[in-house]
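**Q** Sequence:
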Amino acid sequence: MLFLTNQRTAHRASLWLSVVALMLALIAGITYTPTLTNVSASEKNKSSDKSGKEKSKKSKDKDDDDDDDDDDDDDDDKQDDKKLIEQQAKAEKERKKAEEKARKDGSKTTDNTEAVKAVKTPKPETAKVAESKEKPVKKGKNDEAKTNTVQSFSDDLEKVFATVETEPVPNGGDAADDPAIWVHPTDSALSLIIGTDKTGGLAVYDLNGKQLQYLADGEMDNVDLRGGFKLGGQEVTLVTASNRRTNSIAIYKIDATARKLENVAARVITHGMAVYGMCMYRSAKTGKVYYYGNSKTGVVEQYELFEANGKVDAKKVRTFKVGSVVEGCVADD
1 MLFLTNQRTA
11 HRASLWLSVV
21 ALMLALIAGI
31 TYTPTLTNVS
41 ASEKNKSSDK
51 SGKEKSKKSK
61 DKDDDDDDDD
71 DDDDDDDKQD
81 DKKLIEQQAK
91 AEKERKKAEE
101 KARKDGSKTT
111 DNTEAVKAVK
121 TPKPETAKVA
131 ESKEKPVKKG
141 KNDEAKTNTV
151 QSFSDDLEKV
161 FATVETEPVP
171 NGGDAADDPA
181 IWVHPTDSAL
191 SLIIGTDKTG
201 GLAVYDLNGK
211 QLQYLADGEM
221 DNVDLRGGFK
231 LGGQEVTLVT
241 ASNRRTNSIA
251 IYKIDATARK
261 LENVAARVIT
271 HGMAVYGMCM
281 YRSAKTGKVY
291 YYGNSKTGVV
301 EQYELFEANG
311 KVDAKKVRTF
321 KVGSVVEGCV
331 ADD
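In terms of the numbering used here, the sequence shown opens at residue 1 and continues consecutively.
FYI, nobody ran anything at the bench for these hints, they're computed from the structure. Here the structure is a predicted model, which means the values were calculated and not measured. Positions of the beta carbon are idealized from the N, C-alpha and C atoms, including for glycine. Do not rely on the hints blindly, as some may be mistaken.
DEER-style ranges, computed between Cβ atoms [said to hold, decoys possible]:
hint : residue 1 : residue 2 : range
1    : Glu92     : Asp206    : 50 to 58 Å
2    : Gln211    : Lys93     : 48 to 56 Å
3    : Ser188    : Val325    : 31 to 39 Å
4    : Thr186    : Lys321    : 39 to 47 Å
Using the sequences plus the hints, can you model the full thing?
**A** Okay, structure coming up:
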């Protein structure tokens, strides 16, 4: 019979031995008083010692396994570092060969496409991973598919480059905001670009981007223009803008000869709400010119512009609400 060396089995064995002894005593006619006790202290100590040793042994085995895992990780890191160093050395060697070949061919390495393609140096991110001894994160198939889709979409887009750039406005940040283009009636090369400096005023540029005029008249957010307005017996082009500093309508005319703006507002025409953006409209039926002022609350105000003693005045003819923020707008003349 096999007895396992744990406390519960030892206790059961003691009980069974006492029962067997009692039965033998009864058969032999001997009076026997059994003492049913738990496992002795020495047996308990022995069992506890053995159990403790087994636990200690298991803990030690676990620690050894962890140490082995750490050693394996260190070995992997060393192998990664070694491979990286070898790749860098190989890349440097190939680069020098490419440079030498380029010199022999009589051209610079930077201009030699084949030489540049032949050199593949490790990316900075790879070097950082090696320094920190962290393994790079592996991307799944889904991540690669997303990357390929974005790259493919980017490749299909047409790249647009600016051929002319206007001189910067006096104020920094995103102050340069909204433009309007005036086409000269007889010579398109003399056309103008009128742009807003939403923290300072209006700027006038030629088609080469050179600033011809700057009007520090307020915080002009949007600008628009319409021709065919009769002023002083002549047809002129009106330029209006939303002045957020004074909450008013800024009104100018274009001097085609001087190629500059002239303030022709009869008075300070204020809005009934906090103005944001704006646009203009000229009725094909009546020839009247209108100004639309917009707001962040969705309120839109329509003004009719008219001549008043050689200047331009305005009267509100309609107010309506669209329910959300309105800034830029355009009217279909």
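**Q** Work down the list of hints and note, for each, if the structure agrees.
**A** Outcome of the hint check:
Against the hinted window of 50 to 58 Å, the Cβ-Cβ separation of Glu92 and Asp206 comes to about 52 Å, which satisfies the hint. Between Gln211 and Lys93 the Cβ separation comes to about 54 Å, which falls inside the hinted range of 48 to 56 Å. Here the CB-CB span from Ser188 to Val325 is close to 36 Å, well matched to the stated 31 to 39 Å. For the pair Thr186 and Lys321, the supplied restraint of 39 to 47 Å holds, since their beta-carbon distance comes to about 43 Å.
No hint from the list above goes unmet by this structure.
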